[in-house]
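Novice: Protein chains in written order, with the working numbering: chain A, 1 to 425; chain B, 1 to 91; chain C, 1 to 72.
If you're looking for bench data, these hints aren't it; they were derived computationally from the structure.
Some clues are possibly wrong.
[Said to hold, decoys possible] Taking lysine to aspartate or glutamate pairs in the EDC-like style, the calculated list, with each CA pair at most 16 Å apart, reads:
1) B:Lys20 x C:Asp59
2) B:Lys53 x C:Glu24
3) B:Lys37 x C:Asp59
4) B:Lys54 x C:Asp63
[Stated by the list, open to error] Sample of chain C residues lacking proximity to chain A, with all beta carbon distances greater than 12 Å (derived):
5) Ala9
6) Phe22
7) Ala28
8) Leu33
9) His44
Ideal Cβ positions, reconstructed from N, Cα and C, are used throughout, including at glycine.
This is what each chain is made of:
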Amino acid sequence: MEIPGLEVKREEESLDLSYAFDVETVPTLLRFENGEVVERTVGWNRDIWRKITGVADLGEGLPEHRPGCGSRALDFPKPVDTSHLASRRVTIGSQEDDIEACIARGWSDGLPVVPPTPARVARMLTGTHRDAQEIVAVIPPDLAECTVEKVAVNAVLAGCEPSYMPVVLAAVEAACTDEFNMHGLLATTYFSGPVIVVNGPIAKRIGMNSGVNALGQGNRANSSIGRALQLVIRNVGGGRPGGVDRATLGNPGKLSFCFAEDEANSPWEGLAEEHGVEGDAVTLFCGEGPRGVVDQISRTPESLAKSFAVCLRTVAHPKLVLGFDAMLIVSPEHASRFKEAGWTKQRLRDEIYANLNFPGAELIRGAQGIEEGLPEGFKDATLPKFTPNGLLIVHAGGGAGLFSAIVGGWVAGETGSKPVTRAIT
Amino acid sequence: MTELLDPTSEREPSHRPLAKRPADITGKTVGLLDISKPRGDVFLDRLQAALEKKGVKVERFKKPTFTKPAPADLRHEIETKCDLVIEALAD
Amino acid sequence: MHDTVALEAAGIPSVFVASSEFVEAAEAQSQALGAEPMRVFVPHPIQDRTDDEMRDIADAAVDEVLNRLLNV
């Protein structure tokens, strides 16, 4: 349009002016004084336009007023500004498939990953209020500083949604504490990998699974959160199989092992709460793959507790005691036995421990015809299977099935790892 | 050109890593892959002689055509038999 | 260069020998493939060289070729 006495700015193909001035309806008329917008009107109203432009005969012959239409700027949202992202840019070859390119550069855990474009990483960062350049943790084995942004890049690789970011961040923090000893866990020939248990309302909010097939496949949050932690360790920390990771066999959970505790139906307090952390929290535990416990007959809590105990005896080896931790995952049907009898979690734990004391004579090397075992000096002692804090108990699983699970842990104590609970912020 | 953000600690260069190089040639088998352009065979014959004089075992291979990557079978054979490979001669 | 890139990915140190005419094409290929394979360039032209000349070119290239294959 031509308006005598006024300079008309033409908007070309780009929508930069529309973005800059939040234009949602066209036409929009803006009047500037000294570079600032002082008057604005939306849609066509001849009287208002005449007043704002000061052109008395503006729009003569046009209808008095017409509503506007939606601006194209609403159909094409402003591209996300990614210039503030600090990670090194890696240019992919024009002949390279972007997923294959990530795998070829060693960024994958063996499965395809989501290529971390700047736009995807920027979107992932909207899931956390934390500053992108804040250092989250120092990652073993390379002891590399890891920013929120680097976690986001790996969360993209893993297939996370932005809403999972707070959980991933808490898991990275917890895993890299001295007590958890991620470096030791990586470098061992043992089976274990980091297992993440999530407590609090965040689990449901982000769509985690604490029920049917809780330890299995099919849930994006469960699978990608566990995967993101392992990718951070691989890519930022430099810990990978064949390198620092020398596990003889490992276990499938090293790809990802993360689930939510079922607190709604649990007769007991949650794992994090037991560890003094209320609300949203993660607990990291060094675990191997889960093994099933079948007890479809026990009606009494005493009998079921004994079933758990005899199965727990076999963690690592029936003759090895005090060396290894474990996590017992009690499913709802099994838990209801204890609920009906009014047993607290501690009562269950005490009962299990009472059933896990053994005479040293059974445990020493050569006993029962097995050369493995404790040194001869323990012959006359009576020993418990687990250290006082060595058995974690959580509640998860589908409502049908008289099956619980044992996840054997790694080495207990100073040389090994302690479970670590961390609030999710 | 697609740009991605580097997920690593950035202590290493970001391009695809090369295979680890051995310290020396002793006991290694070197594959000579002829891309089948004319005169390449004379070049490779001479390389073979030079390598054999150094006590290196040499295996010879030939691509069916220089216009396409080596067929998977040929590549697999090379990977199985050789520790190091020289491909020649493009012009 | 696809071959040497594939061989490197399989763990086999490789080097690609080409005439100097190939320098820019090799760089473009390398960028397109997202890889930096080792290459050695020999003097152009190749096609009209005599056998003796080819052998001289080979002699001159041996050290550089080996250099690219070993951890020197």
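Novice: Taking the hints in turn, state whether each one holds.
Specialist: Evaluated hints:
no. : hint              : result
1   : B:Lys20 x C:Asp59 : violated, 26 Å
2   : B:Lys53 x C:Glu24 : violated, 34 Å
3   : B:Lys37 x C:Asp59 : violated, 19 Å
4   : B:Lys54 x C:Asp63 : holds, 12 Å
5   : Ala9              : violated, 7 Å
6   : Phe22             : holds, 17 Å
7   : Ala28             : violated, 9 Å
8   : Leu33             : violated, 5 Å
9   : His44             : holds, 25 Å
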